[in-house]
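Listed in order, the protein sequences are those of chains A and B. Going left to right, the first sequence walks through residues 1 to 103 as the working numbering numbers them. Going left to right, the second sequence walks through residues 1001 to 1892 as the working numbering numbers them.
Quick caveat, the hints were computed from the structure, so don't treat them as lab data. Computed from a predicted model, the values in this text were never measured in an experiment. Cβ atoms here follow ideal geometry from the backbone N, Cα and C, with glycine treated the same way. Some hints here could point you the wrong way.
What the hints assert, rightly or not - Far from chain A by the CB rule (all over 12 Å, computed), these chain B residues: (1) 1113; (2) 1226; (3) 1243; (4) 1517; (5) 1687; (6) 1742.
As the list claims (entries may be wrong) - Output of the computed footprint for chain A on chain B, the stretches with three or more beta carbons under 8 Å from beta carbons of chain A: (7) 1313-1320; (8) 1794-1804.
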Amino acid sequence: MSNGGDRQPPGVRPSLFLERQSYRRRRLMDAARLLPILGAALIAIPLLWPESEGDNGVPLSSAMFYIFFCWGLLIGVSLIFGFAARRSASRDDAESDADKWQR
Amino acid sequence: MATLNVLILVCLGYVVLLFGVAFAADRLAAAGKGAWLRSPLIYTLSLSIYCTAWTFYGAVGNAARSGLEFVTIYLGPTLVMISWWWGLRKLVRVGRSQRVTSIADLISSRYGKSNTLAIGVTILAVLGGTPYIALQLQSITLSFSIFAEADPTGLYREGSSVFWVAAGLAVFAILFGTRNLDANERHHGVVTAIAVESVVKLFALLAVGIFVVWGIAGGVEPMMDRIDASEIGQWNVDAGRWTTFVFLSAAAFVCLPRMFQVMVVENADEAHLRTAAWAFPLYLLLMSLFVVPIAVVGLDLLPDGSNPDLFVLTVPLSQGNEWLAMLSFIGGFSSATSMVIVTAMALSTMVSNHVVMPIWLSTQEGGGSVSGDVRNVVLMARRVSIAVIMAFGYYYYRLSGGGAALASIGLVAFAGISQILPALVGGLFWRGATRTGALVGLTTGFLLWIYTLLLPGMGGVLMTDSVLQHGPFGLGWLRPQALFGIEGMDPMVHAVMWSLSLNTMAFCVASLLSFPSPLERLQGAQFVNVFDHSVAPRGWSGSVAQSEDLMIMTQRILGAGPAQEFFQAEAQQQGGRTRLPEPTPVFLERLERELSGSVGAATAHAMIGQIVGGSSVSVEDLLAVADESAQLLEYSSQLEVKSAELSRTARQLREANTKLTQISEQKDSFLSQVSHELRTPMTSIRAFSEIMRDTDGLSVQEQTRYAAIIHDEALRLTRLLDDLLDLSVLESGRVSLNMGGDTLRSVLDRAVSSALAGGSHTLTVRRSIASERLPLHTDLDRLGQVFINLITNAQKYCDADEPVLTISAHDVGGQVVVDFTDNGSGIPPEAQSMVFEKFARIGGDKAGGAGLGLAICREIIQRLGGEITYLPGQGGAAFRVRVPLAYRQAAQ
């Protein structure tokens, strides 16, 4: 996130910055919305693994590694999104974020 | 070796610690120093009551049985949390803006504030919560039994210990959950205690995990090798169960009453979700990180047949690490207690707000100004419902035999509570969802859940094996675990699939077919479009509220001390001029929130509403008002019609009355006139007849004269009577007209000659014969009578020296107009309006007429369809007679 919006030089027209900000924010929200779909897809992937027949199945340690890696990934993205959302929210307290973030 | 007594002491000490934490949190909050109590961290930690004793012990057991399958019940909530922007944010916003107290309250509020629905959800939640509580009982009992086995004193019996655990938990929940009724205090204390418990259980599990990985296995690498070498060392998860459980746990995470309680009801700030969105999945990850290692090591170290559900305890014990085992026991115990506290709190709130309070309020007259202390009723209701819920859990445990694996019991509860999901999600995102749909869907899912999952799970007590094997009454397609003949499915997947899909279908179909009430539609709009409107709950406008009444009511609910404190604080905030605060909207709103913590939002709202006088306008009020005003409008228009009718009638009556009065006056004057007219000749006749009878010696001349006078007077009487008779016949309309055709000229000829015949007067009649050739079709004799009368009148009353009567005739617009104008002084203006009245005589009695002539004339002409008027300003007396010209056929 650019923090140019916090302290704008007086000569700069604010609309340009706000425009860019809200565009960025909307894409961020898009990402946040897509995150659960990504998560569901990642969780569904183990269903494609072969059934364990004899010794050629997927070892449990690999499965654990995969699951916990995906899990951590989702948490990380969610964390980044959370911080970004907080920064955006505190940046324009005056504006109703619910309205702006809707679209 | 830790004995049972030590264990019990530790438990009691832990409980005291929790009470201390809750008490300290309350104190801090009351002192206004508890800002951190409302931090996102506390919120996130309080969410961890999702992890119960089932999670603590059962996850390891589940991992030991079926590998990574246990992780599904954590992945579901993770997905829900990271999609908070879609779902939870809306749920929390709705919950806050609608002042929801429980999930039953939310569902009921969405579907038109239907209490039926609230009761339904409450029953479902209680039944769904029952196996869950049984699960906590089982886990605590099992963990006790582990220590008991190692206890040399050996005074342990499982049956009685379950009972004592249940009773202890009930007492604990009652003490903790219904300590007081104040919304804010309760929340701070309990939430903080739960947060502490969640730290304890995470710490305990992590400690055991670290001990296992680094203490027993010797590091991560050897641990991984050990995992792969174990009997669960390969990925072997049933696809159906994997998907179903992820979905099921996600659904239950939202629908569970205790989750709803901490996630929505206790939410202090919507922004906390932002932190919880990543922090809670992280918590879940940490909780499950060491599950598989513990399971694998347990399978390795412990003898075959030992219960994998207790590996968390038995692994440290087997290594002689009693303190770790004790810590682990505390972890499990805290999982169970926090779950029981919050569940009991949530369920008892639902029961008391949706079942007990409506019944109790309906039995009390006067609602808001109830007599007696409401607090006792509410507290009693909550305590009794907690005891009953715990008793249910105990009996479920006894019925299910306590032998089933922990995880499967938890899943039964999940599947039960998930039946709310269609109504919940539909209510939040689909405006077309209706109350009927929600009721039908819930009922369908609920019954299917009972039939396919709950009853089969309780062993052979309530559902016999034959039903399970061959279906009820031998109907194979109704087998509880193979509906419609689809066999071979996992019973859990089977039950979840059928119950939730048929539930959703019934919900959608019934919603599509039914029609919502206006209140439902409005609530639907407010829920679905919660971000567009109604950010803040609507406020009171308490201009008419009576502070004293409010005070009395508040004392009854909160108790005298807190109520007075609250009112004084408010009064001071308002400026402190009076002892009681003004009923401003802000104050009323705070008061309502204060009360809602005790008796539920709906009841508190209703109570304040009764005192404030409903000045906060609800939809129902609006509807009622609209209805009423429509009725009023109708009524007033009816009234208007009636009043118009009445005024019309009154006017008619007035007119009739005036007419009657006039007629009566006319009759009176007529009678007096007639009697006067009759008396005058009668007096003469009597006088002269008396003279003739009593006087002797009358000369013949005198006799003749007197007789002539009597005769004249008799004639006059006869004429008068004739006239009267004639007039009355004419007036009554009983006259029969003798119609005939002739010209005006001949009628006038006859009238003039007969009027002037025998008269000594010198009236000259001027006529224009040419203009009199007008055809007439009328009663010629009657018309002639009128003309004669008019000519005679001129003869009698014309006071000119050489009286001249001019008769002129015209044809004006189909009417014959005949004017009789003499050259006398005419009729004085003040008498002109009277000339046609009966007995109206101008200028005294000189002509000896009765004054009926013109009255008769007017009657006759009216009968003939014409008109007779006096023409003023013609130089003398002038009368105009209009009669219709002869009809066309007469002219031809």
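Distance rule for residue 1742 of chain B, whose beta carbon must clear each one in chain A by more than 12 Å
holds, 100 Å
At 12 Å, judged by beta carbons, does residue 1226 of chain B keep clear of chain A as stated?
Violated, because the least Cβ-Cβ distance between residue 1226 of chain B and chain A comes to about 9 Å, which does not exceed 12 Å.
Within 8 Å of chain A's CB atoms, at least three CB atoms from the segment 1313-1320 of chain B: coverage verdict
Three-residue rule not met by the segment 1313-1320 of chain B, so violated; n is 0.
If I take the minimum Cβ distance from residue 1687 of chain B to any residue of chain A, is it greater than 12 Å?
Answer for residue 1687 of chain B: holds, closest chain A Cβ roughly 117 Å.
Confirm or reject the statement that residue 1113 of chain B sits farther than 12 Å, beta carbon to beta carbon, from all of chain A.
holds, 25 Å
Are there three or more residues in the segment 1794-1804 of chain B whose C-beta lies closer than 8 Å to some C-beta of chain A?
With 0 residues closer than 8 Å to chain A, the segment 1794-1804 of chain B misses the three-residue bar; violated.
If I take the minimum Cβ distance from residue 1243 of chain B to any residue of chain A, is it greater than 12 Å?
Per Cβ check, residue 1243 of chain B is inside 12 Å of chain A; nearest 7 Å; violated.
Holds or violated: is the Cβ of residue 1517 of chain B farther than 12 Å from all Cβ atoms of chain A?
holds, 29 Å
Comparing the model with each numbered hint stated earlier shows that hints 2, 3, 7 and 8 do not hold.
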